[in-house]
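Please put together the full structure from these sequences, using the hints given.
First to last, the sequence lines map onto chains W and G.
Heads up: the first sequence begins at 1 in the working numbering, then just goes up one per residue.
Heads up: the second sequence begins at 1 in the working numbering, then just goes up one per residue.
Please note: incorrect hints may appear among the correct ones.
Stated by the list, open to error - Derived contacts from chain G toward chain W, CB cut-off under 10 Å, selection only: (1) Ala225; (2) Gln244; (3) Leu249; (4) Ala250; (5) Asp294; (6) Leu298; (7) Ala364; (8) Ala369; (9) Asn381; (10) Thr384.
Since the hints were made in silico from the structure, they are not lab data.
Positions of the beta carbon are idealized from the N, C-alpha and C atoms, including for glycine.
Below are the chains, spelled out letter by letter.
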Amino acid sequence: MSAVVASARRSRSSLTLWLGLLLVGLHVAVALLTLVWLPYDPTALTGGRLAPPSLEHWAGTDRLGRDFFTQIMIGSRIALIVGISAVAIGGLIGVTLGVLAAFATRLLDDALAATLDILIAFPTLLIAMLVVAASDTASLGTAVLALGIALSAIVARLTRILAKRVLLMDYITAARTSGTSWLGIVFQHVLPNIWPTLSVNFALQFGLAVIAEASLSYLGLGAPPPNASWGRLLQEAQGTVYTAPIGAIAPGIALVSLVIGVNLLADGLRDIGDPTRRVSR
Amino acid sequence: MNQISIRRALVAAALLGSVAVAPLAMAQDYDANATIRIGSLYEPQNLDNTAGAGQGINEAFNGNVYEALFQLTDAGAVEPKLVDSYSASEDGLTYTFKLKPGVTFHSGDPLTAADVKYSIERVTAEASKSSRKKSLSTITGIETPDDQTVVITLSARSISLPYNLSYVWIVNDKATDITASEDGTGPYTLGEWRRGSALALARNDKYWGTAPTNGEVIYTYFTDATALNNALLTNAVDVITSVQSPDSLAQFSGNPAYTVTEGASTTKELLAWNDRVAPFDNVKVRKALAKATDKAKLLNSIWGDYGTLIGSFVPPTDPWYVDLTGVDAYDVEAAKALLAEAGYPDGFEFTLDTPDYDPHPIVAQFLQAEYAKVGVKVNINIITANEWYEKIYKAHDFQATLQEHVNHRDIVFYGNPDFYWGYNNPEVVKLIADSEAAATIDEQTAKLTEANKLIAEDAASNWLYLYPQIVVSAANVTGYPVNGLNSQFFAYGIQKAK
Numbered sequence: 001m002s003a004v005v006a007s008a009r010r011s012r013s014s015l016t017l018w019l020g021l022l023l024v025g026l027h028v029a030v031a032l033l034t035l036v037w038l039p040y041d042p043t044a045l046t047g048g049r050l051a052p053p054s055l056e057h058w059a060g061t062d063r064l065g066r067d068f069f070t071q072i073m074i075g076s077r078i079a080l081i082v083g084i085s086a087v088a089i090g091g092l093i094g095v096t097l098g099v100l101a102a103f104a105t106r107l108l109d110d111a112l113a114a115t116l117d118i119l120i121a122f123p124t125l126l127i128a129m130l131v132v133a134a135s136d137t138a139s140l141g142t143a144v145l146a147l148g149i150a151l152s153a154i155v156a157r158l159t160r161i162l163a164k165r166v167l168l169m170d171y172i173t174a175a176r177t178s179g180t181s182w183l184g185i186v187f188q189h190v191l192p193n194i195w196p197t198l199s200v201n202f203a204l205q206f207g208l209a210v211i212a213e214a215s216l217s218y219l220g221l222g223a224p225p226p227n228a229s230w231g232r233l234l235q236e237a238q239g240t241v242y243t244a245p246i247g248a249i250a251p252g253i254a255l256v257s258l259v260i261g262v263n264l265l266a267d268g269l270r271d272i273g274d275p276t277r278r279v280s281r
Numbered sequence: 001m002n003q004i005s006i007r008r009a010l011v012a013a014a015l016l017g018s019v020a021v022a023p024l025a026m027a028q029d030y031d032a033n034a035t036i037r038i039g040s041l042y043e044p045q046n047l048d049n050t051a052g053a054g055q056g057i058n059e060a061f062n063g064n065v066y067e068a069l070f071q072l073t074d075a076g077a078v079e080p081k082l083v084d085s086y087s088a089s090e091d092g093l094t095y096t097f098k099l100k101p102g103v104t105f106h107s108g109d110p111l112t113a114a115d116v117k118y119s120i121e122r123v124t125a126e127a128s129k130s131s132r133k134k135s136l137s138t139i140t141g142i143e144t145p146d147d148q149t150v151v152i153t154l155s156a157r158s159i160s161l162p163y164n165l166s167y168v169w170i171v172n173d174k175a176t177d178i179t180a181s182e183d184g185t186g187p188y189t190l191g192e193w194r195r196g197s198a199l200a201l202a203r204n205d206k207y208w209g210t211a212p213t214n215g216e217v218i219y220t221y222f223t224d225a226t227a228l229n230n231a232l233l234t235n236a237v238d239v240i241t242s243v244q245s246p247d248s249l250a251q252f253s254g255n256p257a258y259t260v261t262e263g264a265s266t267t268k269e270l271l272a273w274n275d276r277v278a279p280f281d282n283v284k285v286r287k288a289l290a291k292a293t294d295k296a297k298l299l300n301s302i303w304g305d306y307g308t309l310i311g312s313f314v315p316p317t318d319p320w321y322v323d324l325t326g327v328d329a330y331d332v333e334a335a336k337a338l339l340a341e342a343g344y345p346d347g348f349e350f351t352l353d354t355p356d357y358d359p360h361p362i363v364a365q366f367l368q369a370e371y372a373k374v375g376v377k378v379n380i381n382i383i384t385a386n387e388w389y390e391k392i393y394k395a396h397d398f399q400a401t402l403q404e405h406v407n408h409r410d411i412v413f414y415g416n417p418d419f420y421w422g423y424n425n426p427e428v429v430k431l432i433a434d435s436e437a438a439a440t441i442d443e444q445t446a447k448l449t450e451a452n453k454l455i456a457e458d459a460a461s462n463w464l465y466l467y468p469q470i471v472v473s474a475a476n477v478t479g480y481p482v483n484g485l486n487s488q489f490f491a492y493g494i495q496k497a498k
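Shown next, in the form of structure tokens:
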């Protein structure tokens, strides 16, 4: 009986992983393709106003007559850049802070933990909006930085907890007695041990970052036009949702497919990486 | 297409002043006691137009609850309202107004000269937040020799005085707090006002003039255009005062249960150069970029088949309108040649400060694509309305910007070199200053027409298009204003078929 459950669970987890890989891979492929080829110049006014989908324009055109499919393809690239960079920034700041907190004196650790708790209490989007508002001009760089900073609190708290757990292990005591420096401990023992959990968390943060960037752009705080962020496409389609619903549906599907893909990928990775869930040994 | 040409014809007719109301208003069998429910997005903050109540109060109260000495009609003409006759002295510095006899306020008090004096002083008072305060600043004294006579003395000639007085509500001088109540002379009295949702006007059966063709008017307020459209679709309202996008019209046009009417608004979409700074201090550059703008295509992108092209800042409802769309008509080759002549054969780059709300971002992207064709690179900088006010309107710290200007008769801004766009043509400044001191309306019109032509020749700004004023109603409701100048919405002629 348990063998059946185990095999079912294994096939489900590999299905999750493969589906996730497929969706994310599709977006990565499209994003790479946009670097060398696009169906149309994204800013060229090539068609009529709100033309419906056709062979020439797969997802129709927007109010200015620009090809919608081209913009959605570019949106993939922007979403991936935003996701990867925001997670990289958030990861770098978050892991550094988390590790520092784990090694710090009791007082400093408590202070850092309290600060992180306060930061986490604010919604990610709100922090990102504050950072964007504080900068002079809205740009993709600002949005990414803002999201990175907003995400770092979550990463830092997770890192701190995971690292503290590792630091209680006997082999850490052994390393310390044998004179390994604290940096050595971090790189040889702490990071390799917490990495599997962190990487799953990064994948989830990636999805969060993509949605948050779309929200920022929707609110006009993301990359300025003509950067074809999905959020901005959704915002522009808002007024024409009755006459040309494809304008809202297409970027919506693109956004959802990437975020679901990343989440499925994270689930699949967790099933592989987490020994408590690993069923075949 | 037929529907469009009918609308166009209507606009033309309205402009000629022959038609001031919606079509088919001839039905005899209307319900004289009908309740007309008007859907609007502009809820007033309070009921006093000198206390920062917003445009919603003009929509609900102008001409309906309060009247002025003169009335700006829906066709843009200035006609006597509470004034029976008036005359100006030879030097144009003294105006004598005789009031209409037999006019009473809603409280029963008769209209007297003291009320007029009180009402004008309300607008010019220090604490007044009226947008018309400045235009009445030449008034130095108001005398009331008898109950029916008002004598206004001016420090300088002001031919627009009657026009400017059309913005001054005549309020009973015994009225105390008019931010939450009213005492006007209009065909309606204030009914129930439910803050946040609706404002009702009841027919004034003791009205001194022609009685309204309906019994009650209820302005119902919405914060969301979609909810407003849905209210009309579900018969929760009878009329929508102004539709904000052509795409929501798809639900109504072509449906016999609704009437879509396009009038002429006074709202102009403007690409304002900072005429003080290079390269926009060069008239050739401004003309080149005006020629490089396919305005017909832009208007179609934003408004579909609605809206009007204008060749200057003056809409057709202003008396000094002339068709100037032929000046700097769309011609990419000519634009390139002019740029080369101006010393920019390879184009240049500039930043376009773009307010973050519709339609400005999409207009900015259109201009970016258009100007790329003549080698000019546009960097779009999205800013908030508040940033626009601080950075552009107050500090003049910009190269180019987009903005919509809603006012009627606002060409006078081009006579002020300190205005945000910094246009400074001494000839225009003089014409506009002299026009106010003109002895006759004809002279004023001639001077402002001349100024209008000059700003167009100078391509002082790039006037992109005039917004349409679109009113949608249930088919059984007729007789509403189509142009909605200055947000007015006279309700007294609205009829609802039985």
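May I ask you to test the interface hint for Leu249 of chain G with respect to chain W, counting a Cβ-Cβ separation under 10 Å as satisfied?
-> This hint holds: Leu249 of chain G lies near chain W, its Cβ roughly 9 Å from the closest one there, short of 10 Å.
Does the interface hint hold: is Ala225 of chain G within less than 10 Å of chain W, judged Cβ to Cβ?
-> Cβ of Ala225 of chain G sits 8 Å from chain W, so the hint holds.
Holds or violated: Ala364 of chain G as interface residue toward chain W, Cβ cutoff 10 Å?
-> 7 Å, holds
Does the interface hint hold: is Ala250 of chain G within less than 10 Å of chain W, judged Cβ to Cβ?
-> Ala250 of chain G check passes; min Cβ-Cβ to chain W is 5 Å, inside 10 Å.
With chain W as the partner, please determine if Ala369 of chain G meets the hint condition of a C-beta pair closer than 10 Å.
-> 5 Å, holds
Please verify that hint: Gln244 of chain G, Cβ, nearest Cβ of chain W, below 10 Å or not.
-> 8 Å, holds
So, Thr384 of chain G near chain W? Judge it on the closest CB pair being under 10 Å.
-> Constraint on Thr384 of chain G satisfied, holds at 8 Å.
Chain W contact restraint on Leu298 of chain G - CB to CB distance below 10 Å | 8 Å, holds
Can we keep the Asn381 of chain G interface hint, with Cβ of chain W closer than 10 Å?
-> With a closest approach of 6 Å, the Asn381 of chain G hint holds.
When the nearest CB of chain W is found for Asp294 of chain G, is that gap smaller than 10 Å?
-> 9 Å, holds
Violated hints: none; the structure is consistent with every hint.
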